[in-house]
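Take the given structure of chain P and dock chain Z to it, following the hints.
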Amino acid sequence: MPSKLSRRDFVKLCAGSAAAISLSGYLAPFMAEAVAAGAPPVIWIQGASCTGCSISLLNTVHPDIKDVLLKTISVRYHPNLSAASGDLGLNEGIFKTARENSKNFYLVVEGAVPTGADGKYCMVGERDGHHITFLDLVKELGSQAAAILNFGTCSAYGGLPATPPNPTGCKPVGDVVKNVPIVNVPGCPPHPDWMVGTIAHILLYKDIPELDSFGRPKMFFSQIIHDNCERRQYFDNAIFAKNFGDPGCLLELGCKGPFAFCDSSTRSWNSGVNWCIRSGAPCLACTEPQFPGWPIYERMPEVPVGPAMTATVDQIGGVLGAAAVLGIGGHLAGNVMTGRIGGKNEEKEGDI
Amino acid sequence: MAERVIIDPVTRIEGHLKVEVEVEAGSVVNAQASGMLFRGLELIMRGRDPRDAQQIMQRVCGV
Chain P
28 MPSKLSRRDF VKLCAGSAAA ISLSGYLAPF MAEAVAAGAP PVIWIQGASC
78 TGCSISLLNT VHPDIKDVLL KTISVRYHPN LSAASGDLGL NEGIFKTARE
128 NSKNFYLVVE GAVPTGADGK YCMVGERDGH HITFLDLVKE LGSQAAAILN
178 FGTCSAYGGL PATPPNPTGC KPVGDVVKNV PIVNVPGCPP HPDWMVGTIA
228 HILLYKDIPE LDSFGRPKMF FSQIIHDNCE RRQYFDNAIF AKNFGDPGCL
278 LELGCKGPFA FCDSSTRSWN SGVNWCIRSG APCLACTEPQ FPGWPIYERM
328 PEVPVGPAMT ATVDQIGGVL GAAAVLGIGG HLAGNVMTGR IGGKNEEKEG
378 DI
Chain Z
745 MAERVIIDPV TRIEGHLKVE VEVEAGSVVN AQASGMLFRG LELIMRGRDP
795 RDAQQIMQRV CGV
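First to last, the protein sequences are chains P and Z.
Take any residue in the first sequence, note its place counting from 1, add 27, and you have its number in my numbering.
Take any residue in the second sequence, note its place counting from 1, add 744, and you have its number in my numbering.
Please keep in mind that the hints were generated in silico from the structure rather than gathered at the bench.
Keep in mind that this is a model prediction, so the values were computed, not measured.
Careful: at least some of the hints might be erroneous.
Stated by the list, open to error - Facing chain Z, according to a computed beta carbon distance under 8 Å, are these residues of chain P, among others:
{"no.": "1", "residue": "Gly116"}
{"no.": "2", "residue": "Met150"}
{"no.": "3", "residue": "Val203"}
{"no.": "4", "residue": "Tyr232"}
Quick reminder that beta carbons are idealized off the backbone N, C-alpha and C, glycines included.
One chain only, chain P, in its complex shape (with noise of 0.2 Å):
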């Protein structure tokens, strides 16, 4: 059996992110000791959710997912994976194990909470003959809950389904169960060593790991895609993709690199195998609370910094991170003051 990790152990292997060593693989027999020592267990639910982060969950190839959800994750519900259903489902799966774990079981959500029309735009099933709405279940598991998991953009921060005009009024679920411990890991999806890490840190631990301003683990969101790009240096010489499949900086062609969060450019996805700029798409910046209500492929907006550099050219919703957009916006400037980065009409060029 494996000997005890020590948190700051732990905290280096996550944020460490060597692409060759598979991180679950790696906590997965401390992991199943945690459990095998009577772990709380997890329920996992989906509201206004594409099941995206649960399908990058099982990208988790080694070990088999199998093994990580039933021997090192002690999942008692899942949407796609339990085979109850209906009533067997719900009350077994669901409210059986809230109800005998009562503030010793983890909440994973996924997906946002849609609170126009009393919730109505999304059921999750039937209790004595009742439509349960996804906002009343995730009040009454969230507030039964040891501490809650938001996996993906959307239950951390509503993303896609909370887009302006947001036409169903969805909701991060920190707005709607207050009081209850909250983890935000983000993405659309996120990579699957943020959600298996997320969990291993808080069954080994039975504490939350240190998050930033945004509720996020700092051990996994605290770099910035920008500064570790592999297409950094085209930035730094001024070259700059005008078309998809150019080389150069990809910020023309309306990459969010300089503004996200995340480790993505040195942990790469798919085991490893690649990632978003490294096949020639800009950064989304998924992992940010304001995605996606930008202009997806327009060159994002410059921030102002101060009365003597106001470089603001377009206008976008949302409240950044005031340290980022100092940080980022006195960097930008500094190169459109150098004539780095052309002005409005120059980018406009090669657009469409």
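Chain Z alone, transformed into the frame defined by chain P:
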């Protein structure tokens, strides 16, 4: 007399599905399936840059 069987939620599928079946003498005589989630992605797309559609609409289903 038909017996009404309701399965809600149906698991192992993507999304929220409810199935109502009426059974009479061992045969299904009527059945209804309902999708129980509405997000209005078409309404979100209205007024946006057409190029955004590939990123917005692909997220209808992540399976």
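Status of the hints after comparison with the structure:
1. For Gly116 (chain P), the suggested interface contact is upheld, since its CB lies about 6 Å from the closest CB of chain Z, less than 8 Å.
2. A hinted interface residue such as Met150 (chain P) counts as satisfied when its beta carbon comes closer than 8 Å to some beta carbon of chain Z; here the least separation is about 4 Å, so the hint holds.
3. A cut of 8 Å between beta carbons decides the hint on Val203 (chain P): the least distance to chain Z is about 17 Å, and the hint is violated.
4. Hint on Tyr232 (chain P) is violated. Least Cβ distance to chain Z is approximately 30 Å, over the 8 Å limit.
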